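J.: Listed below are the residues making up each chain.
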Amino acid sequence: MAWNDNNNQSPWGGNGQTPPELDEVIKDFKNKFSGIFGGKPASGSQKSVTPPTGGFKYIFILALLVWTLSGIYIIDPAEKGVILRFGAFQEETGQGPHWHLPFPIESLNRINVEQIRTAQIGYRDAVSNRRGGNVSSESLMLTKDENMIDAKFAVQYKVNDVQAYLFNVANPDATLRHVVESAIRQVVGKNTMDYILTEGRVAIADSIKERSQELLNSYQIGLYITTVNMQDAQPPEQVQASFSDAVKAREDKQRLINEAQTYANDILPKSRGKAARMLEESKAYKSEVVSKSEGEASRFGQILAEYEKAPGVTRERLYRETMENVLANTSKVVVDSKANSMMYLPIDKLIDAKKTRTEVIIQEAQPGQDNSRGSVRNVFRNREVR
Amino acid sequence: MKKIFPIIGAVLFLVLSSALYTVNETQTAIKLRLGEIVTVENTPGLKFKMPFVNNVVKFDNRIQTLDAPAERFLTGEKKNVIVDSYVKWRIVDAEQFYKSTGGNIARTNNRLAQIIKTGLKSEFSKRTIADVVSGERSEIMSNILKLANKDIGEFGIKIIDVRIKRIDLSQEVSNSVYRRMQAERQRVAKDFRSKGAEEAEIIRAAADKERTIILANAYRDSEKIRGEGDAVSASNYAQAYNQNADFYSFYRSLESYKKSFNENNDIMVLNPNTEFFRHFNPEVK
Chain A
0 MAWNDNNNQS PWGGNGQTPP ELDEVIKDFK NKFSGIFGGK PASGSQKSVT
50 PPTGGFKYIF ILALLVWTLS GIYIIDPAEK GVILRFGAFQ EETGQGPHWH
100 LPFPIESLNR INVEQIRTAQ IGYRDAVSNR RGGNVSSESL MLTKDENMID
150 AKFAVQYKVN DVQAYLFNVA NPDATLRHVV ESAIRQVVGK NTMDYILTEG
200 RVAIADSIKE RSQELLNSYQ IGLYITTVNM QDAQPPEQVQ ASFSDAVKAR
250 EDKQRLINEA QTYANDILPK SRGKAARMLE ESKAYKSEVV SKSEGEASRF
300 GQILAEYEKA PGVTRERLYR ETMENVLANT SKVVVDSKAN SMMYLPIDKL
350 IDAKKTRTEV IIQEAQPGQD NSRGSVRNVF RNREVR
Chain B
0 MKKIFPIIGA VLFLVLSSAL YTVNETQTAI KLRLGEIVTV ENTPGLKFKM
50 PFVNNVVKFD NRIQTLDAPA ERFLTGEKKN VIVDSYVKWR IVDAEQFYKS
100 TGGNIARTNN RLAQIIKTGL KSEFSKRTIA DVVSGERSEI MSNILKLANK
150 DIGEFGIKII DVRIKRIDLS QEVSNSVYRR MQAERQRVAK DFRSKGAEEA
200 EIIRAAADKE RTIILANAYR DSEKIRGEGD AVSASNYAQA YNQNADFYSF
250 YRSLESYKKS FNENNDIMVL NPNTEFFRHF NPEVK
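So the protein sequences, as listed, match chains A and B.
Everything in the first sequence is counted per numbering that gives the first Met the number 0, starting at 0 for the first residue and increasing by one.
Everything in the second sequence is counted per numbering that gives the first Met the number 0, starting at 0 for the first residue and increasing by one.
You may find that some hints are simply not true.
[Unchecked claim] EDC-like mimics (lysine to aspartate or glutamate), calculated; alpha carbons at most 20 Å apart, straight line:
1. 247(A) with 197(B)
2. 257(B) with 320(A)
3. 208(B) with 190(B)
4. 194(B) with 320(A)
5. 291(A) with 227(B)
6. 208(B) with 265(A)
7. 116(B) with 183(B)
8. 308(A) with 94(B)
9. 331(A) with 274(B)
10. 30(B) with 94(B)
11. 78(B) with 144(A)
12. 145(B) with 66(B)
13. 258(B) with 323(A)
14. 273(A) with 209(B)
15. 257(B) with 315(A)
16. 308(A) with 320(A)
17. 157(B) with 229(B)
18. 331(A) with 347(A)
19. 189(B) with 251(A)
20. 258(B) with 320(A)
21. 273(A) with 220(B)
22. 189(B) with 347(A)
23. 194(B) with 251(A)
24. 257(B) with 274(B)
25. 194(B) with 250(A)
26. 125(B) with 145(A)
FYI, nobody ran anything at the bench for these hints, they're computed from the structure.
In this text the structure is predicted, and so the values were computed from the model without any measurement.
Between the sequences and the hints, there should be enough to build the whole structure, so can you do that?
T.: What follows is the structure, encoded as structure tokens:
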């Protein structure tokens, strides 16, 4: 994949497009060798360095072989290899087996270009650092409205240009941290706290990414930021109580409104019910009084008809019956109205005795006599014992 | 003759190895002849020199970082801020760099730090905290970059970038910021709660109003209906009783007596000289 794209810098071209096979590697080796020492044929160069003595010769050849083989290397799919010849950039190789001129002529740098590297700003997780936790000097920052927030970021990045990564900037990974820290504070400083803490989280992270990438590009550092995540953004510890109280207050507001709504939902249906009851009761009352009046009117009309046939007797009878009825049901005290002298009637006691019928008849011994005489001659007749 | 070959080889090797040097992709080398600069090697690769006569000094020509320690500065409104910055620079003229610093990167960083500090001090004293935090951060940085590049000219280096990493308030100032933030949040909280109470009261009052109206309307309607009933019954009664008003009065009185005195604990105090007792006391008449 990727090694295809960058491999065409190979001056020999042949192995650029396909994974090199072993014989090609050997051919490569011969070509390179001849390339270095003035383009003589490979056999010629071998001859010229072959020492004359027999036993020595084999040791020398063996040493030469070992030295030659030490130039074989294998590049992982995720890696790129960069070959330097005497310190100068020679070629960039992709995945598969390769061979380079052995030390000290060429040297190999392996860079993993697929690996996602992570920079943690404002915190260290416990995996990469035994003492995980917050780094408040990195996470505390000023916002546009001169508030402080405590924000933590995770930056993920890759090497996208191995040559730039190797040759342009000393200590590129530390540089990335510097760049991102600077960009974070610049972006946070341009926005208000409320925005950062609430709806702006994604936008903030995006513009930090953009800003950081611009700076990285200006250094030609060969790094590419894949994501910037705002892990956590909150007000500093010292004011968190107030902040959570404000959040609570927002809930309280809603709670108060809901309670009031509950109250309204409680009383309104009830009062509608009550209203319906009042209406029904009034209708019932109307029917009742109308029917009653009709009944009573009819009753009266019928009695009247009879009464008119025999007024005297009917009247007397009605009166007597009624009085009988009334007096039969009540306690009675009969007092001569002419005897208006002081008379003690224990009415409260009489009422106490309501359960038992009490009949008290107070009567003048001589009715019709003048008031001066019979003052207190009350005769209690027929008094039931309580 | 045969014995001489290895010796010649060894000597040749020694000479060659001291006559060859490599310049890395990340380096710039200066070749000196007895302390005098002969050439500057900007391209990497294998280079030759005269053994024992020439010597070579190499410099890292990648971008270097000066991460200066955080410094306190006073802003325009005399508030203390702590500023942490970094500088990116690289060697552009190795000859000049070697002459002016002896190739000592630490010394260069010291000098740079001084220049940057002076620049930051003057830039910050012209501005308020709000300016430096949000508005003119990049302006400050580019001003210092220009200034520093002018000052650093004779060093043979180029400052690529000056960036402010952190602008923090000093402890006293941040405490007052915290207090202000607390007060602000309290205001917000109070606002929420009062607004909640307000809306709740509005809802309750509206509900109460609604209830009163509903009940009053129902009362009105029910009284109307009752009145209708009363009217109908009154007309019924009147119609019936008007046939004989005298008898009605008598009849109705009797009804009333029955209803009024129908309990045991009613006590009647009676005068015997009434119509009812006409036969009770025969001697009266």
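J.: None of the hints should be skipped; say for each whether it holds.
T.: Now the hints, each set against the structure:
Under the criterion of a C-alpha separation no larger than 20 Å, the hint pairing residue 247(A) with residue 197(B) is consistent with the structure, at around 17 Å. A threshold of 20 Å between alpha carbons decides the hint, and for residue 257(B) with residue 320(A) the separation of about 10 Å falls inside it, so the pair holds. Between residue 208(B) and residue 190(B) the alpha-carbon distance is near 26 Å, which puts this suggested pair outside the 20 Å criterion. Only pairs whose Cα atoms come within 20 Å are accepted, and residue 194(B) paired with residue 320(A) is rejected, the gap being roughly 76 Å.
Straight-line distance between C-alpha atoms of residue 291(A) and residue 227(B) comes to about 14 Å, which keeps the hinted pair within the 20 Å bound. Restraint check for residue 208(B) and residue 265(A): the C-alpha separation of about 14 Å stays at or below 20 Å, so the hint holds. With a C-alpha separation of about 35 Å, the suggested pair residue 116(B) and residue 183(B) falls outside the 20 Å cut-off, and the hint is violated. For the hint pairing residue 308(A) with residue 94(B), the CA-to-CA distance comes to about 154 Å; that exceeds 20 Å, so the pair is violated.
This hinted pair checks out: residue 331(A) and residue 274(B) have alpha carbons roughly 16 Å apart, not beyond 20 Å. In summary, the hint linking residue 30(B) to residue 94(B) is supported, as the alpha carbons are separated by about 10 Å, within the 20 Å threshold. The straight-line distance between the Cα atoms of residue 78(B) and residue 144(A) is roughly 16 Å, inside the 20 Å bound, and the hint therefore holds. Among the hinted pairs, residue 145(B) with residue 66(B) is consistent with the structure: their alpha-carbon atoms are about 19 Å apart, no more than 20 Å.
Restraint check for residue 258(B) and residue 323(A): the C-alpha separation of about 13 Å stays at or below 20 Å, so the hint holds. With a CA separation close to 13 Å, the supplied pair residue 273(A) and residue 209(B) stays within the 20 Å bound. About 16 Å separates the Cα atoms of residue 257(B) and residue 315(A), which keeps this hinted pair within 20 Å; it holds. A threshold of 20 Å between alpha carbons decides the hint, and for residue 308(A) with residue 320(A) the separation of about 19 Å falls inside it, so the pair holds.
Using a Cα cut-off of 20 Å, the hinted pair residue 157(B) and residue 229(B) is violated, with the two alpha carbons roughly 110 Å apart. For the proposed pair residue 331(A) and residue 347(A), the alpha carbon gap of about 14 Å is at most 20 Å, so the pair holds. Only pairs whose Cα atoms come within 20 Å are accepted, and residue 189(B) paired with residue 251(A) is accepted, the gap being roughly 10 Å. Taken as a hint, the residue 258(B) and residue 320(A) pair is honoured in the structure, with Cα atoms around 14 Å apart against an allowance of 20 Å.
The straight-line distance between the Cα atoms of residue 273(A) and residue 220(B) is roughly 13 Å, inside the 20 Å bound, and the hint therefore holds. Taking the CA atoms of residue 189(B) and residue 347(A), the gap is near 66 Å; set against the 20 Å cutoff, the hint is violated. Our distance criterion of 20 Å between C-alpha atoms is met by residue 194(B) and residue 251(A), whose separation comes to about 10 Å. At most 20 Å may separate the alpha-carbon atoms for a hinted pair to count; residue 257(B) and residue 274(B) meet this at roughly 17 Å.
Note on residue 194(B) and residue 250(A): the hinted pairing holds, with a Cα-Cα distance of about 12 Å set against a maximum of 20 Å. Pair hint residue 125(B) plus residue 145(A) holds up; C-alpha atoms about 18 Å apart against a cutoff of 20 Å.
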